[in-house]
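Trainee: Sequence order for the protein chains is A and B.
Going by our numbering, the residue at position 34 of the first sequence is 34; the numbering climbs one at a time, nothing skipped.
To convert a position in the second sequence, counted from 1, into our numbering, add 1000.
These are calculated hints, taken from the structure and not from any lab test.
A few of these clues could be false.
Footprint (simulated), chain A over chain B, 3 or more residues, beta carbon under 8 Å [stated by the list, open to error]:
1) 1009-1018
2) 1021-1029
3) 1088-1101
4) 1104-1115
A short, non-exhaustive set of chain A residues, derived as facing chain B with CB atoms under 7 Å [said to hold, decoys possible]:
5) 6
6) 31
7) 34
8) 37
9) 41
10) 70
11) 73
12) 88
13) 90
14) 92
15) 93
Ideal placement from N, C-alpha and C gives every residue a C-beta, glycine not left out.
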Amino acid sequence: MPLISSIRLNVLKKLKEDRGYRQRFFRGQAADEIAISIRSLREKRKKRQADLAKKAGMKQSAISRIEQADYFGWSFRTLFRVADALDARLRIIFEPTETVIADYEKREKETQLNEQFTNVHTANALIKEMASQELPIMKPDSQALRSSSLSAQG
Amino acid sequence: MYNWVLCQFRQVLTLFLDACNTEMKEILERRLYRLIQTGNGFERPNTGPLMDRFFELRGRAGKVQARLIFYFDADKRIVFVDAFYKSGNKITKKDLSKARKNRKLIKDEEEKANAFNLIH
């Protein structure tokens, strides 16, 4: 058994087939995005959580909570206050599921094609290398071939 | 196209995910899926750097917190070497001992394979 193996996530299949999974996945993504955006913009503005909280008229603990990816308790009012304090635009986009799935499918196909392309190139390079080294595997023994074909006939 | 490939030491990640409850499994799967897309551009708070070039992917379901330990390797591989439920506040050196041991085993095997290729 090899020490290392690749992992395939069946996320796309579940997204397509299971509506409940899809809803939880998209909601979780939204929470992740909010936490990541606020934190990265705050760091870009070189502000501490306490600075941002003061500017937004909130408590530092509230900013800390919003920056946690697993937090779902924010309201639009809070988000607008944070956006104002960070001098940023808050944008909300509704994306239809079919567009998201089509985008994921396209990316996965491209990845698979790229993997196949890499594998073919690796295999070709290996064959060329073996041929250049004149390994016995590239030169079947004619005597052995003849005897095996004779035994197959007989 | 997703440029990054997820890899694991033996079945460390698959077994951990299989043992998780549905909520935790879905959270971790979602973040793993994002990790394939963003690779080393994946930001806090869902991932974070640890010591010795290790990184953690975080998952939290209620009070339970899971940590998946990985490192970035050549050919855009993200290699998971340990997974556990977090107990204390911080990830300590002791928590990373298994991850360190597993990475060493991988590196040793790769070195052996490279040496074999050089000879033949």
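Trainee: Hint by hint, say whether it matches the structure.
Mentor: Hints versus structure:
1. 1009-1018: Contact hint for the segment 1009-1018 of chain B vs chain A: holds, 5 residues under 8 Å.
2. 1021-1029: holds (count 3)
3. 1088-1101: Since three or more residues must qualify, the claim that chain A covers the segment 1088-1101 of chain B is violated, with 0 doing so at under 8 Å.
4. 1104-1115: holds (count 3)
5. 6: holds, 5 Å
6. 31: Violated - the Cβ of residue 31 of chain A stays beyond 7 Å from chain B, reaching only about 10 Å at its closest.
7. 34: violated, 11 Å
8. 37: This hint is violated: residue 37 of chain A lies away from chain B, its Cβ roughly 9 Å from the closest one there, beyond 7 Å.
9. 41: violated, 11 Å
10. 70: Since the shortest Cβ distance to chain B is 5 Å, the answer is holds.
11. 73: At about 14 Å, which exceeds the 7 Å cut-off, the nearest Cβ of chain B leaves the hint on residue 73 of chain A violated.
12. 88: Since chain B brings no Cβ nearer than about 16 Å to residue 88 of chain A, farther than 7 Å, the hint is violated.
13. 90: violated, 19 Å
14. 92: violated, 20 Å
15. 93: Violated, because the Cβ-Cβ distance from residue 93 of chain A to chain B comes to roughly 17 Å (cut-off 7 Å).
Taken one by one, the earlier hints fail for this structure at numbers 3, 6, 7, 8, 9, 11, 12, 13, 14, 15, listed in ascending order.
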